[in-house]
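Visitor: Residue numbers (the numbering used here), protein chains in the order written: chain U, 1 to 249; chain Y, 250 to 498; chain F, 499 to 747; chain S, 748 to 996; chain L, 997 to 1245; chain P, 1246 to 1494; chain A, 1495 to 1743; chain V, 1744 to 1992.
Please note: incorrect hints may appear among the correct ones.
[To be verified] Straight-line alpha carbon distances no greater than 27 Å define the calculated DSSO-like cross-link-like pairs of lysine-lysine that follow:
no.: 1; chain 1: V; residue 1: K1835; chain 2: V; residue 2: K1854
no.: 2; chain 1: Y; residue 1: K361; chain 2: U; residue 2: K14
no.: 3; chain 1: V; residue 1: K1938; chain 2: A; residue 2: K1607
no.: 4; chain 1: A; residue 1: K1508; chain 2: P; residue 2: K1259
no.: 5; chain 1: F; residue 1: K693; chain 2: Y; residue 2: K361
no.: 6; chain 1: P; residue 1: K1253; chain 2: L; residue 2: K1107
no.: 7; chain 1: P; residue 1: K1259; chain 2: L; residue 2: K1108
no.: 8; chain 1: U; residue 1: K113; chain 2: U; residue 2: K92
no.: 9; chain 1: L; residue 1: K1010; chain 2: F; residue 2: K506
no.: 10; chain 1: A; residue 1: K1605; chain 2: V; residue 2: K1938
no.: 11; chain 1: V; residue 1: K1751; chain 2: A; residue 2: K1689
no.: 12; chain 1: P; residue 1: K1253; chain 2: V; residue 2: K1835
no.: 13; chain 1: A; residue 1: K1659; chain 2: S; residue 2: K755
no.: 14; chain 1: S; residue 1: K755; chain 2: U; residue 2: K112
[Stated by the list, open to error] Stretches of chain P that chain L covers, calculated by requiring three or more beta carbons in the stretch to come under 8 Å of a beta carbon on chain L:
no.: 15; stretch: 1255-1262
no.: 16; stretch: 1487-1494
Everything labelled a hint here was simulated from the structure, so no lab data went into it. Glycine included, C-beta positions come from ideal geometry on N, C-alpha and C.
8 protein chains.
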Amino acid sequence: MNAKEIEKLLGDVKNGGTTVDDALLILKNFPYTDLGFARIDHHREMRTGYPEIIYCAGKSVEQVREIFRVMAEKESNVMGTRATEEMYESVKSISPEAVFYPMARIISLQKKKPLTPETRIAIISAGTSDMPVAEEAAITAELLGNNVLRIYDAGVAGIHRLVDKLPEIRNCRVIVVIAGMEGALASVVGGLVDKPVIAVPTSVGYGANFGGISALLAMLTSCSTGVTVVNIDNGFGAGFAASMINKIV
Amino acid sequence: MNAKEIEKLLGDVKNGGTTVDDALLILKNFPYTDLGFARIDHHREMRTGYPEIIYCAGKSVEQVREIFRVMAEKESNVMGTRATEEMYESVKSISPEAVFYPMARIISLQKKKPLTPETRIAIISAGTSDMPVAEEAAITAELLGNNVLRIYDAGVAGIHRLVDKLPEIRNCRVIVVIAGMEGALASVVGGLVDKPVIAVPTSVGYGANFGGISALLAMLTSCSTGVTVVNIDNGFGAGFAASMINKIV
Amino acid sequence: MNAKEIEKLLGDVKNGGTTVDDALLILKNFPYTDLGFARIDHHREMRTGYPEIIYCAGKSVEQVREIFRVMAEKESNVMGTRATEEMYESVKSISPEAVFYPMARIISLQKKKPLTPETRIAIISAGTSDMPVAEEAAITAELLGNNVLRIYDAGVAGIHRLVDKLPEIRNCRVIVVIAGMEGALASVVGGLVDKPVIAVPTSVGYGANFGGISALLAMLTSCSTGVTVVNIDNGFGAGFAASMINKIV
Amino acid sequence: MNAKEIEKLLGDVKNGGTTVDDALLILKNFPYTDLGFARIDHHREMRTGYPEIIYCAGKSVEQVREIFRVMAEKESNVMGTRATEEMYESVKSISPEAVFYPMARIISLQKKKPLTPETRIAIISAGTSDMPVAEEAAITAELLGNNVLRIYDAGVAGIHRLVDKLPEIRNCRVIVVIAGMEGALASVVGGLVDKPVIAVPTSVGYGANFGGISALLAMLTSCSTGVTVVNIDNGFGAGFAASMINKIV
Amino acid sequence: MNAKEIEKLLGDVKNGGTTVDDALLILKNFPYTDLGFARIDHHREMRTGYPEIIYCAGKSVEQVREIFRVMAEKESNVMGTRATEEMYESVKSISPEAVFYPMARIISLQKKKPLTPETRIAIISAGTSDMPVAEEAAITAELLGNNVLRIYDAGVAGIHRLVDKLPEIRNCRVIVVIAGMEGALASVVGGLVDKPVIAVPTSVGYGANFGGISALLAMLTSCSTGVTVVNIDNGFGAGFAASMINKIV
Amino acid sequence: MNAKEIEKLLGDVKNGGTTVDDALLILKNFPYTDLGFARIDHHREMRTGYPEIIYCAGKSVEQVREIFRVMAEKESNVMGTRATEEMYESVKSISPEAVFYPMARIISLQKKKPLTPETRIAIISAGTSDMPVAEEAAITAELLGNNVLRIYDAGVAGIHRLVDKLPEIRNCRVIVVIAGMEGALASVVGGLVDKPVIAVPTSVGYGANFGGISALLAMLTSCSTGVTVVNIDNGFGAGFAASMINKIV
Amino acid sequence: MNAKEIEKLLGDVKNGGTTVDDALLILKNFPYTDLGFARIDHHREMRTGYPEIIYCAGKSVEQVREIFRVMAEKESNVMGTRATEEMYESVKSISPEAVFYPMARIISLQKKKPLTPETRIAIISAGTSDMPVAEEAAITAELLGNNVLRIYDAGVAGIHRLVDKLPEIRNCRVIVVIAGMEGALASVVGGLVDKPVIAVPTSVGYGANFGGISALLAMLTSCSTGVTVVNIDNGFGAGFAASMINKIV
Amino acid sequence: MNAKEIEKLLGDVKNGGTTVDDALLILKNFPYTDLGFARIDHHREMRTGYPEIIYCAGKSVEQVREIFRVMAEKESNVMGTRATEEMYESVKSISPEAVFYPMARIISLQKKKPLTPETRIAIISAGTSDMPVAEEAAITAELLGNNVLRIYDAGVAGIHRLVDKLPEIRNCRVIVVIAGMEGALASVVGGLVDKPVIAVPTSVGYGANFGGISALLAMLTSCSTGVTVVNIDNGFGAGFAASMINKIV
């Protein structure tokens, strides 16, 4: 039941086309009108440029293509995460302007570029193997309309790159830190900067890494305050949350 | 925003006291009106005799007494689970008619007895140590308006008690099975009767029991179909769900 | 030792063909006669139309085909879950009337349609990726003789579909909720309806989902009373238990 | 080695009091000068009013009092979390102006009130038992200089309170959601508002709750994007991170 | 339904007091007669001297005393494990001949000593802290009628005691190995002797011991064949199983 | 250092070829002489017919063939577990008399049949999918020289087969119970028979089965005394331990 | 069987008091002579000054006192870890020269001071709450004869103390790093120094710390090479291993 | 900012090319100069012959080849772990002198052989299946400039090989013990030798091995003091830490 229908119902009540009791009955049968949701979606679209993001994993190629087709018809920007090359080929066959980011595994169909603030999001990753997750975060943030400062491979071997860029990092509005193994980078960065840090544990590692649990627990128990955490390998979620913070007005 | 208020709003629209646009604005600001919830609560109360049950654990004695006081004022039946003797004494000081079931750890304040169908709920427990959980299930079911068949201590030592009562058990509408350790009783009962079985793992045991995990996992992976499971030691949840099934019309 | 044999034994006792002592010895040597099981099976078949369901996973194609062949010879309906296309082809080669439900992974051989009550089972799933589990529940319920209301993809993106159908859902006798990730849908539905809810956690998700553990724990600890839980991805178990409840007389 | 000392060293190099080689040697021996840290601390203090927060758990009463004494001497605001009544009494004996928030378990010694923006932080908790964690978050945010909108007990029983306040919540800049059990509230709130949500799992619950793991996993795998998570029961961390976001300029 | 009742029923059939059909109905209503169980219990008592063992943990002092009273009346030997001093005092007040083994936490009421074979059970424990579990195993085995060879504190510090006694150990019929920490003693003993080894992990240790999990997993994955495992701290179970093996004829 | 070498050393001491001090030095440098081990191996071979069993998993085809070749040269019986068809083909190319048991995944090279007592080992499995583990136990026991009573598929669907064979089972000396899922069969059998039960949890199942953990924990916490447990899927270990018990003299 | 006895046996062989066959028999009956162990103990005592260390936890006050008494009689140094004040009082009543280190929970009875090399062991801890574990490591190392450099409270708040002391740390021979929470300090130190680092996770923290698991996993998966790990809270083990490395010649 | 640049800056300060204030500003903007790291790297290279080791897993073939190319240009030795045959072929195409160790999965490009002390590292593994991890440790240690004593397959079947080599093992400076299953070998070796033992749990095993957790926990809780542990399957880390200890001067 949308706003239009409720407006019509209220009009009917006003002009006597519906009794108060009947209107009450109708409203009681729809305790959760979708008014609110529509409004949210509208808000979301205005600010991010995307009404909804498709999680492609676990969907068939056909399902992904169909969802892209239906959503594209509504003139909206569309974005799909955890997509495969094969899904992209299928989407491209109906929407030739679709773009694929292979490392980030994202399909994008962008008809109107979202507003982009001047402030930046720093995305810092520990190792080369963390790059797919880092790129998922970075591409997500960029597609949602953000400028991104990428600092990759800033672990033990490359921490001087992090140090060299500290002034630049401190000028960013929010920082995403991506690390597997023991995930210490989140605590280190959290101790050096005075900005919100979103930590993404990755499943990079082996043995007692347990598919990312070691990094996840380390980040959750970080003694650096201001660090919050998303799911293992969830670059998209981190990019999305960082975008929310970066776009705060 | 409750039914009365919406009715008044619709009346105002009808008689011109409010414009359609203003009414729409008000409704849009409350996308989740509490109409539905009130209705649910009303339904629940009519059928179970209890509008809401208080989970007392983690609440202070004062908080429990205050909630009982406020709820009792509305002329409702009130019930509190995981209550202590001390909480009961405090509640009784303001509501002398309150009753305490020490083994079940339930405080009850029942002003109107709920309707009780003739069908029964069987509550079967494996060992003496499971009795507190079994009693929580049994008292919950009785207070909600059900007749209960109790069969306790039906584990290895007493399974003949179970067998002796099989015909009686088979005449019940729904069965609650409560067991700690390896929780095998749920599978055994599930294989003998053709009724819905709600299994309650208990934290009774030690070592590889891990606070009830062994029984929980065993019940979840039971090869007897028709078995569903609630949380460890959750006698209340099992009694409530069993009551729902027993009262199906 | 079946009913016939016992009847004969009693007859022999009566007509002196067997002494009381010998009969007692025979009965004592078979403390667990299969009388009871046969009766159960008979009951089960009368009500569900299926004497036993085959869990095909872990069995070879040959084993599945043989079990179907043997059971089909007894004029019974037969049903196999977690079946593959290859298993179906093999079964079809000997029972051409066998039907395969590829998404539900169920092979069905139905010679007499089970009695079907007018009440319905609602099956609600959170996301597109949960569909195989949802279909396993739905097809199971239908083959056992139930009318099913399917509401799929009712997660964040499609919760308005759930809301639109709330009145219809509330008219169902029992509700199956299927969700992966954080499994919140079970609590949300459990809070909106006054019917037994059977929650099925799915392994859909990644990282801290741990193959369905996050949804499983969330559902077990749901603060909505009346929710019971089955094993991860166990659509069959949920459909079976829901059928039991729906067929309560 | 602080800024003053380096300035002196550079002056010595300039006026010939130290050779370039000796200065280089000194600097190489202190590869991590504390310049940067001091600057951070300074920044932090300017913005939050607190140079550092004391985690009192695991410290003796004497240790806590001494740390308060030393820090108070430097004319700074001081704040201690996870403090006991006994610790507070000891601190008060030397700093009579110290304040204790018993539910939040925070000791505060505030000499200059931090700057407080007009935007607000919403702090929403699911149940009465979650209040200590919620208060830790709220008091932390307030002491750091933020206006807080408290919405407590907004679980199943009180979700209408949440709904009634949705417009107010949507006007907040960042939202903290605190819940134990299955932690579904984070997903529900995350789906209704377009603001960063910081989720705090609590150890409230029993059995398969496993000391907060169920809520933690549910929040980490939330299908509502924009949700980030802190450690179980970490109200302080959530309040601190929310303050960082609320104070973004 | 016991043997006597069945005998009477058969007699009634024979003499016409009951029709064959009625007798069949009665027998069908008791598919699981307790004949079998009675026989087992009888067998067990003959061989072990104990019809059933009481697990006292989780039972109240009153419950324990009552169970002892009821069982003692039947002239049986009675034994209770995981008992407290207080439980013993209560039992002794009604059965002055009751004996308490404080380290083993066992209450025994033994009226007829069980037959005891000449072969022995070796009970080897790793450390002083494992003694309560070792004694539970040893006293259990002795009360059930076995000769026990105790070798305690045979860990790193005392392995020469083990070595000195190897010939004696090799003459035992079955060996119980009790160890906490990393549980390596089970593998070491299993590699030195050619007898069945029953390993009991104990919860002795800290940290990564996780309440006995480290020893449990080590024993389950022991590369010494012939090692089987019981629950953490389950000295009783090991003593009972060892007694079964020692008494094989 | 073997018995021969020590004998020679002692001879040298006697005839003055070696001084007492030198001999002492040599002996001190070999605190763990392999005397003991050789004796054990010899004992083992005499009784089981196999000096050592090869765990083939994780070894290359070449490694397995070489170990068989070397061991076969010493005229011993040889047996390899967890072997593949490919390993067998390679072994057969050098030892044409080698036999492969595909379901049990065992390669056997048996030149002298071990002594076989008349007593039997019962091997009972719950479902068709547990057969590979059951066969590993059965073939192991048979190759080591035991008569085996196989009772497969004795779960919910076929428990009457178990009941029919109870007298036969009770005549066995030791019982191996193999079950996945909730592993309840071990408790059921343990409650019905008065013989040592070795329980083997299998990884058969899905979801909350967690690769066999549910069955493992259930078996470890079984309330039927006399049950001991081996590693998940460890049919070999159970067969070996059962053989040890069956061959006790 | 010790060196003296073997020497005598060899002498007997030499002078004909024992035949070669009898001596062989005696030696074969003690396959694991304690020669080797005695030698180890002797070596250990010479280098560490302690023949064996008593783990007091889980022992009674009487047991601890007796072990001290027996060991002290042999003129050895004695040391007990995880001791309580009460245990110390009891030991002191018989050995007045015993010393207690309350924070380290160590009782020491040192009659001859062990040799102490000039090289040092650095012991670095993250927070005030880690001090008991750090002191256990430090006192252990000192009692075994090592010079210790203590750097405590070097976490986020005090990392400048670590930096100030880097040159001193780099001059140590081995470094012990003690940290709870996310345990990042081990990786940070491991990346800054080129010395063996022994990491001790502590149980300090809450929630997702899980009693030290987060720090344990983080340290095990540290991307800084050269880091090895001991059990949670095992300060003694770290001090002992560090002493071994520091005393390498 | 490297030493050269700081030297130049100090020179500029001295000759007036830069003011003290400007120099201070520059230094404050680089609180973490890479001076320290460069020095560490230099030290590391001098002693180990390798400036940094490449973890190849999770990197593409192209990434590995490029890193080798860039590092090789700097005239350094280069080493890559967890490498595949394919990666090696690609590296060899640009650096024909590269060597591949297939079992250890290491690519080495060694232009100058590191200094190698005469002391040795013992590397002891339990079973044939542990060889890849053992070789990773051994090759790592050798490439870093150490002599290695390999003792493989020293488990139950081959422990006499261990015993035979005890004197040789005791002459090594540090010992690496590699074992899967229950990991008891680490405790056994730790109890026999008075040298630092680095234990490497491997993922060899099945069932309750849980991918190496059983061995990991057993090693962490080893009652043999002086044992430290690295990550599951981390042969490289053990070899590296052993090299550090072996090269202590």
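Visitor: Out of the numbered hints, which ones does the structure contradict?
Guide: 2, 6, 7, 11, 12, 14 and 15
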